[in-house]
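Visitor: All chains, full assembly: derive it from the sequences and hints.
So the sequences go chain by chain: A and B. Every letter in the first sequence is one number past the one before it in this note's numbering, and letter 160, counting from 1, is 160. Just remember that this note's numbering sits 1000 ahead of the position in the second sequence, which is counted from 1.
There are no misleading hints in this set.
Facing chain B, according to a computed beta carbon distance under 7 Å, are these residues of chain A, among others:
1) Ile17
2) Ser124
3) Leu133
4) Gly160
5) Val165
6) Ser213
7) Gly214
8) Ala216
9) Lys225
10) Pro229
11) Met232
12) Ala243
Straight-line distance between alpha carbons at most 30 Å, and here's what the computed DSBU-like set of lysine-lysine pairs gives:
13) A:Lys244 x B:Lys1315
14) B:Lys1159 x A:Lys209
15) A:Lys221 x B:Lys1015
16) A:Lys221 x B:Lys1293
17) A:Lys155 x B:Lys1012
18) B:Lys1159 x A:Lys221
19) A:Lys146 x B:Lys1188
20) A:Lys244 x B:Lys1285
21) A:Lys221 x B:Lys1278
22) B:Lys1182 x A:Lys146
23) B:Lys1130 x A:Lys221
24) B:Lys1014 x A:Lys244
25) B:Lys1210 x B:Lys1293
26) B:Lys1056 x A:Lys209
27) A:Lys18 x B:Lys1293
28) A:Lys225 x B:Lys1278
29) A:Lys225 x B:Lys1159
In short, the hints are calculated from the structure, not lab data. C-beta atoms are modelled at their ideal positions from N, C-alpha and C, and glycine is treated no differently.
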Amino acid sequence: MKQLVCLSKTPETTTQIKLTGDGSQIDSNGVNYILNPYDEWYALVRAIELKEAVGGTVTVINVGDASNDVVIRKALAIGADDAIRVDADPSNALGVAKSIANNVKEAGYDIIYCGKESIDYNGSQVPAMLAELLDLPFVALATDMKVDGQTATIKRDIEGGSETVEVQTPFVLSAAKGLAEQRIPNMRGIMQSKRKPLNVVSSDVNDAKTQISGYALPSGKSEVKMIDPENMDELVRLLQEEAKVL
Amino acid sequence: MVLVFVENSDGKFKKAALEAVTYGRKTADLLGSECHALVIGAADNAGELGNYGATKVYQLSNDNLNSFDSQTYTQAISGVANDKGASTIILSNNASGMALTGRLAARLDAACVSGANALPTLDGSNLRIKKNIFSGKAISEMTLTGEKKVISVTGNSLKPETIGSPCEVEAVSVDVSAPKSKVISQDKQTGGPAPLPEAELVVSAGRGMKGPENWGIIEDLANIIGATTACSRPVADTGWRPHHEHVGQTGVAIRPNLYIAAGISGAIQHLAGVNQSKCIVVINKDPEAPFFKAADYGVCADLFDVVPKLTEAIKKAKA
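Guide: In structure tokens form, the structure reads like this:
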């Protein structure tokens, strides 16, 4: 089984988001970057589990500059065999998807994994774009996958429940919580990761049709109104008359 | 023309689909264009989408579209868009929307915003659209410069408005290949309150409940106001409640009108999934619970005491 996992680098989940003085950028001072949790905990680990069960390889791919090598090495430490970094600006989803597609089109991967979204821009666009560019079926929001030969049976989240989908390799999936359990790299993995191949390739994709023109922070909440626990009638009145939500 | 893909569930339109139609109409008005809707499969009263702003409905039936597959649905939607001359496609940002939005953008080489939470504004001939990023911790404004645009709309971002009247329904056909994936079973709640992403009222509980056997008081409160129940991550992880009830950064992100949280401390990852709620009520016996800082109303007391009292107070107010 030849597998590919797409990785992105995101700020840590507990990051307090601040803007630069003029509001044109997210202030990256003091921000810790990690592997996007959906990519690492669920997509990558499920691919490694499958490799452990049926053999084959797990390659990881990332679009970005050399500062991303740290998180790419972490994926190698967790158990990926080799890595590709496409040296390009990852700010546009379609550009990222094209950069990945151009580099993997001829490689014949059986399963291509992405996280369901990156926790910074919450776009959920790249996995679907990649599937379309590669003309492959796509199963979004996968929470469980069983593979038997070339047939995968995948459970995916839908509104208020789940559905089970059957698909043949090759295909693209996006990983949601439940697909696998987070793995912590051990010392042996960390040592090995330093010697595993990380190939840097260039990309000539450059036609962004969607740009970020500005940022804002949500308006702050007004002070919480504390209600006497013995007076729930008052809470109901406020919900009806002040908040007008009941 | 602005084409809205209107999802139908067993022939019925969900609220999120109607919101997308209203969003499409207002976008069309802004662009000086028309709003048409596309329905795949049999639907009762498709012409009534006109009430929410469509001036024409295309109905597409094809055996290859009987079960959802993102590849065939993308062929169908982009096929109709090309045949009918649509430059902008609008859909809901839900489970099927997430599988389609990026595909459509790649197929049409279009500008794309997923999870728009406000109507677009015009910047020359370009559209500007706001969306939440960092799970609601910031907002970005996107400029869409391509001639073709694909926009998915976050649920509860606007209300479906009655701004038109029933309209013509035209049967259309496009070539669609045989699907390469197949839905073999579905497991979802039927009847009962709205699914979480669409729910206007949500009652949620966390570890403070001490065990799954105590959920009766949460269900009673939810039932009396017609709310959907939700839970925090530890509760779903330990199997006290089903996985699909988990709201937060790694669960479902919601924006109901009212979110009542009992026995949830309010970790930043939980807040990320609920901080778009219009009104938040927090019930917690720990005065230091960080959730109080994000709440509109707080009750600092034992939830086993307060929740039944709140249910009674609502019953009384309704009587």
